[in-house]
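Chains A and B, in that order, are what the protein sequence lines are.
So in our numbering, the last one in the first sequence is 126, and the numbering has no gaps at all.
So in our numbering, the last one in the second sequence is 475, and the numbering has no gaps at all.
Heads up, some of the hints might be wrong.
To be verified - One side only, chain B facing chain A, incomplete, derived with CB under 7 angstroms:
hint, residue
1, Glu398
2, Glu401
3, Gly402
4, Pro403
5, Leu406
6, Ala408
7, Gln452
8, Ser453
9, Phe465
10, Gly466
11, Gly468
No lab work stands behind these hints: they were computed from the structure.
By construction, the Cβ of each residue, glycine as well, lies at the ideal position given by its N, Cα and C atoms.
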Amino acid sequence: DGGITQSPKYLFRKEGQNVTLSCEQNLNHDAMYWYRQDPGQGLRLIYYSQIVNDFQKGDIAEGYSVSREKKESFPLTVTSAQKNPTAFYLCASSYGTGFYEQYFGPGTRLTVT
Amino acid sequence: GQQLNQSPQSMFIQEGEDVSMNCTSSSIFNTWLWYKQEPGEGPVLLIALYKAGELTSNGRLTAQFGITRKDSFLNISASIPSDVGIYFCAGQSLYSNTNAGKSTFGDGTTLTVKP
């Protein structure tokens, strides 16, 4: 079955530690995205990538980093510089430029204490 | 930047009632998307709209792309308990800085259906 997988579903970290969230897709999509969701709020774009080895900052990129070495994978690192990292993180993908339907993974809930 | 206003913020309805929610934008969009998110899960695409005035149905769901291209509506008929969730609108503009399929999302409408 084609889809997007995110792992793990729940992640706990101590303050000051970097943590990497996994996102993999087998939909052959060119574009991938990372969003952050806080309770009662919509989705805010962290980073996106239109093609392998290229990515762009979204609206709230500070304290986060990404890489796109393979078409299928777009990992997100939450660094210790992110002031309020506890949130629900969603990865999405789309066919790419000009294709607007984004398909989401199941999300990772990160708790930092 | 682009802003989307989604309303209402929440709805509490009885099973069997119809539901209506909408999104308005400060700028023109060329695409409107409607998603449903269940607790602890990622949003699932319900309906995609690509043309001003377009009216599209998906089962009991009907969405419309406003003529002004600055708004969209989602209606759910004869609600059932499994309709519970958060409904998000998302819009995209041809005139965004990059054409990467970036979407602007509304803050969501939380729907509660009482049996």
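Practice task
Double-check B:Gly468 for me: the hint is only fine if its C-beta lies closer than 7 angstroms to a C-beta in chain A.
Solution key: holds, 6 angstroms
Exercise for the section: Mind checking the CB of B:Pro403 against every CB in chain A and telling me if the closest is under 7 angstroms? Expected result: holds, 5 angstroms
Handout entry: Interface hint for B:Glu401, Cβ within 7 angstroms of any Cβ on chain A
Key = Status holds, d = 6 angstroms.
Exercise for the section: Classify the hint on B:Glu398 as holds or violated, based on whether any CB of chain A lies nearer than 7 angstroms to its CB. Expected result: violated, 10 angstroms
Handout entry: Agreement of hint B:Gly402 with chain A interface, Cβ distance less than 7 angstroms
Key = Nearest chain A Cβ about 3 angstroms off; hint holds.
Exercise for the section: Mind checking the CB of B:Phe465 against every CB in chain A and telling me if the closest is under 7 angstroms? Expected result: The hint holds - B:Phe465 has a Cβ within 7 angstroms of chain A, the shortest such distance being about 4 angstroms.
Problem - When the least beta-carbon distance from B:Ala408 to chain A is tested against 7 angstroms, hint result - result: B:Ala408 check passes; min Cβ-Cβ to chain A is 5 angstroms, inside 7 angstroms.
Problem - Hinted contact B:Gln452 with chain A - closest CB pair below 7 angstroms - result: Hint on B:Gln452: holds, closest Cβ of chain A at ~5 angstroms, below 7 angstroms.
Practice task
Using Cβ atoms only, decide whether B:Leu406 comes closer than 7 angstroms to chain A, and label the hint accordingly.
Solution key: This hint is violated: B:Leu406 lies away from chain A, its Cβ roughly 11 angstroms from the closest one there, beyond 7 angstroms.
Handout entry: Minimum beta-carbon distance criterion (7 angstroms), B:Ser453 to chain A
Key = violated, 10 angstroms
Exercise for the section: Hold the hint about B:Gly466 up to the distance rule: shortest CB distance to chain A must be less than 7 angstroms. Expected result: holds, 6 angstroms
The structure is inconsistent with the numbered hints 1, 5 and 8, although it conforms to all the rest.
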